[in-house]
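Quick note, the sequence shown lines up with residues 2 to 431 if you use our numbering.
Don't take every hint at face value.
[What the hints assert, rightly or not] As a list, the in silico BS3-like pairs of lysine-lysine whose alpha-carbon atoms are at most 30 angstroms apart:
1. Lys291 to Lys323
2. Lys120 to Lys110
3. Lys410 to Lys306
4. Lys351 to Lys285
5. Lys229 to Lys9
6. Lys288 to Lys256
7. Lys229 to Lys100
8. Lys168 to Lys155
9. Lys110 to Lys97
10. Lys323 to Lys337
11. Lys76 to Lys9
12. Lys288 to Lys337
13. Lys100 to Lys110
14. Lys197 to Lys351
15. Lys207 to Lys256
16. Lys17 to Lys76
17. Lys158 to Lys17
18. Lys158 to Lys100
19. Lys84 to Lys3
20. Lys306 to Lys288
21. Lys306 to Lys337
22. Lys337 to Lys291
23. Lys120 to Lys84
24. Lys323 to Lys377
Hint data in this document are derived by calculation from the structure and do not stem from the laboratory.
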Amino acid sequence: MKYDKIDKTLFIKNRKNFAAQMQPNSLAVFNSNDIYPISADSTMPFQQHRDIFYLSGVDQEESILVIFPDCLNAKHREILFLKETNDHIAVWEGEKLTKEAAFETSGIKTVYWLQDMEKIMFELMTQCDTVYINTNEHYRANVETETREDRFTKWLKDKYPAHSVAKSNPILQRLRSVKDPIELELMQIACNITEKGFRRVLDFVKPGVWEYNIEAEFMHEFLNNRSKGFAYTPIIASGNNANVLHYIENNQECKAGDLILIDAGAEYANYASDMSRTIPVSGKFTKRQKDVYNAVNRVKNEATKMLVPGTIWSVYHVEVGKLMTSELLGLGLLDKADVQNENPDWPAYKKYFMHGTSHNIGLDTHDYGILTEPMKANMVFTVEPGIYIPDEGFGIRLEDDVVIQDSGKPFNLMRNIPIEAEEIEALMNS
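Input sequences plus hints: build the corresponding full structure.
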């Protein structure tokens, strides 16, 4: 892996916290992701399932984690099953985790090779009453591919139909949404790498560059700083492209007078950053562009202050909508009649700001978190208001990643990334 070794105490704590939420005499199983084929002998780059990574730090394919806190045999309370490495694999693919390296990574002492899994699982299943399966219940999930986890669950339920079944996901949603200090350090590194990429781009952009040139500048900086690359498919949207919320073609020329909406963030050690900035191709905003820009920035700053313990996500979005309505009135994009006659289910401001303001971020860009429950300290949220004006040929979004504090305003992991319009102009013209 490109990233520096992570302190295994993180994964030891995570397993302890998960086990504390399990039913008596129960067992939980977590699988790695598959390596997904493209065609012929080509595959997509491997991405580890975030749940097994969160609980073990193991970042390779064909791995299984078992947690069985009440097992009478103490050595089987935590088990890793790994693909056995050998000289042939070491030459052709690079060495996989040895049993010793797996312990150093995860803190798990009992490591078996994968070929022993069914035999040992039979022994474990005769001793437990309930098995926790790991289903994807994220509110944005839309999975059409059968995963390795899905196949394992089918096998397990078919082979052991008399066992009760419980769900890991509600436990993980709550645990993963509140970050450990070690996780916050990793996310800060991801944000620092994103900052380096953005400063590089500010020095690079001028009329005539192409959106994909800008994407390449980010990637250069990310890889040079031990990141695998983008945490998600980047948006480099010049001119009216910014009014397509998930524009990812990044194949147009950036023209004088236009703005470029950049939504890009580096990953580091599987942790995501998520940044949005909007910059002028020519290095200077027009008066109208700057007025809209500053309106978005004001909404972002005020919305950030609301991210405190106890806040309910849905209530927060209503309040942000009021801030945005006021700014749109000031910009002349709405009038009082628009607001008085608005549909409560689709308020007037939604014409220009149609997406949500914040989402959890962590191991996933849209990370785990139960949005109907109050916010807690050490949750990390994006703050990303925007105003999109197709009739005027530009859209503006600004986004930071912030950590909710026990008291006071959130801590901005992107506090050092330029955002004020004047600073952007100064850096682009230095």
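So, going through the hints one by one against the coordinates:
1. Straight-line distance between C-alpha atoms of Lys291 and Lys323 comes to about 21 angstroms, which keeps the hinted pair within the 30 angstroms bound.
2. For the given pair, Lys120 sits about 19 angstroms from Lys110 by alpha-carbon distance, which is consistent with the 30 angstroms threshold.
3. Annotation: proposed proximity of Lys410 to Lys306 holds, straight-line Cα distance about 5 angstroms (limit 30 angstroms).
4. Restraint check for Lys351 and Lys285: satisfied, since their Cα atoms lie roughly 28 angstroms apart, inside the 30 angstroms limit.
5. Proposed proximity of Lys229 and Lys9 is supported: the alpha carbons are some 21 angstroms apart, at most 30 angstroms.
6. This hinted pair checks out: Lys288 and Lys256 have alpha carbons roughly 18 angstroms apart, not beyond 30 angstroms.
7. Our distance criterion of 30 angstroms between C-alpha atoms is met by Lys229 and Lys100, whose separation comes to about 26 angstroms.
8. Simply put, Lys168 and Lys155 have alpha-carbon atoms about 14 angstroms apart, close enough for the 30 angstroms limit, and the pair holds.
9. At roughly 17 angstroms between alpha-carbon atoms, Lys110 and Lys97 fall within 30 angstroms of each other, so this suggested pair holds.
10. A distance of roughly 13 angstroms separates the Cα atoms of Lys323 and Lys337; the hinted pair therefore holds under the 30 angstroms criterion.
11. Of the pairs offered as hints, the one joining Lys76 and Lys9 holds, with about 18 angstroms between alpha carbons and a cut-off of 30 angstroms not exceeded.
12. Under the criterion of a C-alpha separation no larger than 30 angstroms, the hint pairing Lys288 with Lys337 is consistent with the structure, at around 24 angstroms.
13. For the hint pairing Lys100 with Lys110, the CA-to-CA distance comes to about 8 angstroms; that is within 30 angstroms, so the pair holds.
14. Taking the CA atoms of Lys197 and Lys351, the gap is near 33 angstroms; set against the 30 angstroms cutoff, the hint is violated.
15. Under the criterion of a C-alpha separation no larger than 30 angstroms, the hint pairing Lys207 with Lys256 is consistent with the structure, at around 8 angstroms.
16. Taking the CA atoms of Lys17 and Lys76, the gap is about 15 angstroms. The hint holds against a cut of 30 angstroms.
17. Distance hint between Lys158 and Lys17 is fulfilled; the C-alpha atoms sit about 26 angstroms from each other, no more than 30 angstroms.
18. A C-alpha spacing of about 29 angstroms is found between Lys158 and Lys100, which places the hinted pair at or below 30 angstroms, so the restraint holds.
19. For the hint linking Lys84 to Lys3, the alpha-carbon distance of about 21 angstroms falls within 30 angstroms, and the restraint holds.
20. Between Lys306 and Lys288 the alpha-carbon distance is near 27 angstroms, which keeps this suggested pair within the 30 angstroms criterion.
21. A threshold of 30 angstroms between alpha carbons decides the hint, and for Lys306 with Lys337 the separation of about 27 angstroms falls inside it, so the pair holds.
22. Of the supplied pair hints, the one linking Lys337 and Lys291 holds, its CA atoms being roughly 23 angstroms apart against a limit of 30 angstroms.
23. Taking the CA atoms of Lys120 and Lys84, the gap is near 16 angstroms; set against the 30 angstroms cutoff, the hint holds.
24. Only pairs whose Cα atoms come within 30 angstroms are accepted, and Lys323 paired with Lys377 is accepted, the gap being roughly 24 angstroms.
Violated hint: 14 only; the structure is consistent with all others.
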